[in-house]
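Chains A and B are the protein sequences, given in the same order. For what it's worth, this note's numbering labels the leading residue of the first sequence as 18, then goes sequentially. For what it's worth, this note's numbering labels the leading residue of the second sequence as 524, then goes sequentially.
Quick caveat, the hints were computed from the structure, so don't treat them as lab data. Think of the CB as a built atom: it goes at the ideal place given N, C-alpha and C, for glycine as much as any other residue. Check each hint, because a few of them may be wrong.
[What the hints assert, rightly or not] DEER-style ranges, computed between Cβ atoms:
#	chain 1	residue 1	chain 2	residue 2	range
1	A	Met-111	B	Pro-956	21 to 27 Å
2	B	Asn-624	A	Tyr-194	35 to 41 Å
3	A	Ala-185	B	Gly-737	44 to 50 Å
4	B	Pro-956	A	Val-149	37 to 43 Å
For reference, the chains in residue letters:
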Amino acid sequence: MNNVVKGLILYVAGWAAFHYGLFPLMKPTEPTWLVNRYVYFLMFVFYCIGFNLILKLKPPIALNALVVWLIGLYFYKAVLFPPIPWTLLITYMMLWTIGTFLYISQDPKTFAEFRAPIVKTVVGEYKTARIVVFIALPVLVGFGTYKSLEPSFQEPVELRTVHPAPPATTKVHGKSYTLEGLQNPFRVDEQDNYVDGGPGGSALPIEGKFPFLDADKHEYMKSITEGGTIFFQNCHYCHGDQLNGLGMFSHVFNPTPANFIDPGTIAMLRESFLFWRVSKGGPGLPNESTPWSSAMPPWEEHLKTEEIWKVILFEYWYTGWHPRTFDEESSSGGE
Amino acid sequence: MFNSEARGIKWLSGALVLAVALLFVPGLSGQAIAKEVFAEQAFAEQAFAKEVLAEEEGAEEGGEPKVEWSQDVFYKDWEGNPLKGPVSGPPAPELGETDYNNYEFAPSRMLLWMANQQHLYFGSFVLAVPIFCMLIEFVGIRTKESDPILSEKYDRLAQDLMKVSLTAYSWTAILGGILLFTFITLFPGFFKYMAGIFRPVMHVYALMFLAESGVLYVYYYGWEKMKNDPFLKWVHCSLSVLLNLIGTVLMYLANSWATFMQAPGGIDEQGRFLGNIWHVIHSTLWNPVGVHRILGNIVFGGGIVGAYAAYHYLTAKTAEEKAHYDWVCYIAMFIAIFGLIPLPFAGYWLMKEVYAFRQQMGITLMGGIMAWLFIIQAVMIGLLFFGANSYLHNSMSRVKGSHRYMKYAKYMVLLLIVCFTMWMTPHTIVMTPAELKDMGGAQHPIVGNFGVMSAKNTAVNLMITCTILCFLLYQRSNKKIKVSWATQGNSWITAIFILAAINIVFLGVYGYLLPANQRVGLSVPQVTSTLTTLFAGTAINISMFKDADSYGEIEWGTQSRVATYAIFLLAISFTWLMGLMGYIRSAVRLFWHVTEVVRDNSPDAYTLTIGEAGKMLTFNALFVWVQFVIVFWVGSLTAKKIPSKVPEGVPVPAQQQQ
């Protein structure tokens, strides 16, 4: 039997066995380090490489390219979980396609070898292949056209910008604040090292976790617990009791409320940004890049300035992130 | 033959390594140069003394001091207080309708954008070519003794490039004139303010332009005369150094306008000049923009020369021509890729300074209204690296002996793609509400982790390291290493690359566990690891070529079509990317002419949609390429050799029979 046909059979049969036999077993409700969908995928890749090596099939580059491309598609479509949005799928597959092209065009020999079956199909040397391809192509194009014209009732996607640029100054409760260099008045240390001893005690910061039960004895922890109380009274309905943006109301919003656990939200921002964002809410967002689609109320109408700062303090403390800071020297012309 | 050519490349590599190292001194020394601590202190002390003196005089005269003092918007003294300076200019004007003119057929802003971009493209090219010529001529001189034919080839190439540059130089000056006239006529109010502050700079700029022209003409027209005498040849090569120095000063002076507009210094809140022109020029973004542009120019210049050679390669009729242009492609790509490797680091430095200047500006760029343009930029950068690697793989494959390394090409491609997938994953994914529900939240639990800087830095450093590795393998692909310490050398190179990769990945993962300000610091050791592979790897690699045997010469003229088209892809991508990043850098000022000082009250003070901006960028890129084609055509007019026909019946002297 021709090596190509042999290879094709092994690919298809192997994939069917893996996908329908092994895959369901490898995605339990509680995956472990060894039993999970990604280990399954690696096993499948090793199978594909393995049988080619063991049987010394030496497949032509065109078949290799096809398999490489399909394996990428299989990973992004079926293995990666939760499923990724189609915009991301297209981006990833575009990259994978470029990668496959780089692989086949790495030298003129492999490229010529890759082109050979295509040329032979086009010029009619492979008659059956030509018939199949020339029938399948218009059908595929027709199907694509049908799918793109078929009415859909989904909301259209929109290009959102996630972080609005803050203004240089903001006015909260009648007082004007310059955001550049604005600090949280309740923050003891940039890196959340806590000051021990309280009034009269040592003023040296202590690294490490602070005993939460003694919270009331320390100014810093007092501010945090107060901030936490305010958070659970006002914010957790949307931002969630774990601050992950999955509060009880979150599912009716699009976009969903900010997830503070994510490294791309408060961990990347200065406290002054949060102060402005919380105080002014959705209505206070700048004109550029509208619509912002933010449902957050302007909290300055409901909370005092200190309360806003305390909530911010709590959000950082709870998530373990530290607010973004910059070296003093690089943000000014002085030393 | 190839051995001797490799010697040339060895010198070229050495010269390039040295040049890049020198260029990065300001970046590596952190704030030392950027901040000019001593200059600030001296100025602050001087200002303080003046202030005391003025107060004393005022007190003696019993009236108000004559000199008014005001606070700088950016500079601070050593105590962290805003630096004071004597008010030496009028406040920034509140621009109104009468301060703007326009034509019916196009918005003023678009016209100025076009004029500016075209001038910048050409300026970039004419600044890059002398750098090329300097390096190539130097290599030519160094190889003269060992291989006079190759030396002559290098010299001829440098001269040919200079010839094109000469036409492009006049063209640049014309475009500069058009830019100036467009600026004066369409934005007279704003120009008046800028000219009031930059008055001395404008004069120095004009004088430097004169000096540049003088040196350029002597350099080009003196080529033949200074060619044969070794001493004069060195003098000639030194002229190219001088030419580059003047060119760099010119570029830095021109940059000062743009960097002042984006992040002003040396003025007070009302926009009044505070008497120190150095503060105005040397604002916070001046150094990073300068370094970024020098590297960008080299890459851009390499791309254009490469595309020019690639075009001639495809249309060449004789084997000789094909071989020549193949070789020119090789030299151009060699220089361009060498510039491309450190370019992202300079960009990173620039962005760091932008963030430090104004958080607002940084967020507008990376997370706000400009963020989608940055995604496009990420795609373009990926294309550059793909194009560069594709060229390297294809070029390497035709070298005899490359079979030893070609087997690794597919793994390098895999690494590039995986890294680029991380690089391209946006933080905010475009999705429908149904997809959002499927995903369980706005962030994907797996690929969502790639949306932050720790992942991006790791990805881009690995991509660059991979390209460097490819570059080293290409250099040694036909060498049979003979030095006694070959095993140690190979072990060192392997160890450097493996350790660098481990360090980059480790720091990338570690970055997730650190606060943002410390995380930013991790990029320094990551970059250092990458640069170590570049400098140490290249140095060890080149040292190992001593007495190396060759598997065979490179057969010039056999460059594959894929490699040739990869060069076109690189050239076009460079052009478009330059336009894109220039637009982003400039548009981030939003409704300001000078950030927070002079407001843009023109009818054009809006931010373009992505599509509109894209159209303008594409138009600018196409337009400049049309001009490049014309300039190269003009340059080729003098180069056309009329085949000398020997009159019938006249015997040809033996020495002329070749």
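Results of checking the hints against the structure:
In this structure, Met-111(A) and Pro-956(B) meet the distance hint of 21 to 27 Å, their C-beta atoms being roughly 24 Å apart. Judged by the Cβ atoms, the range 35 to 41 Å given for Asn-624(B) and Tyr-194(A) holds: they are separated by roughly 39 Å. Judged by the Cβ atoms, the range 44 to 50 Å given for Ala-185(A) and Gly-737(B) holds: they are separated by roughly 46 Å. Look at Pro-956(B) against Val-149(A): about 40 Å separates their beta carbons, and that is inside 37 to 43 Å.
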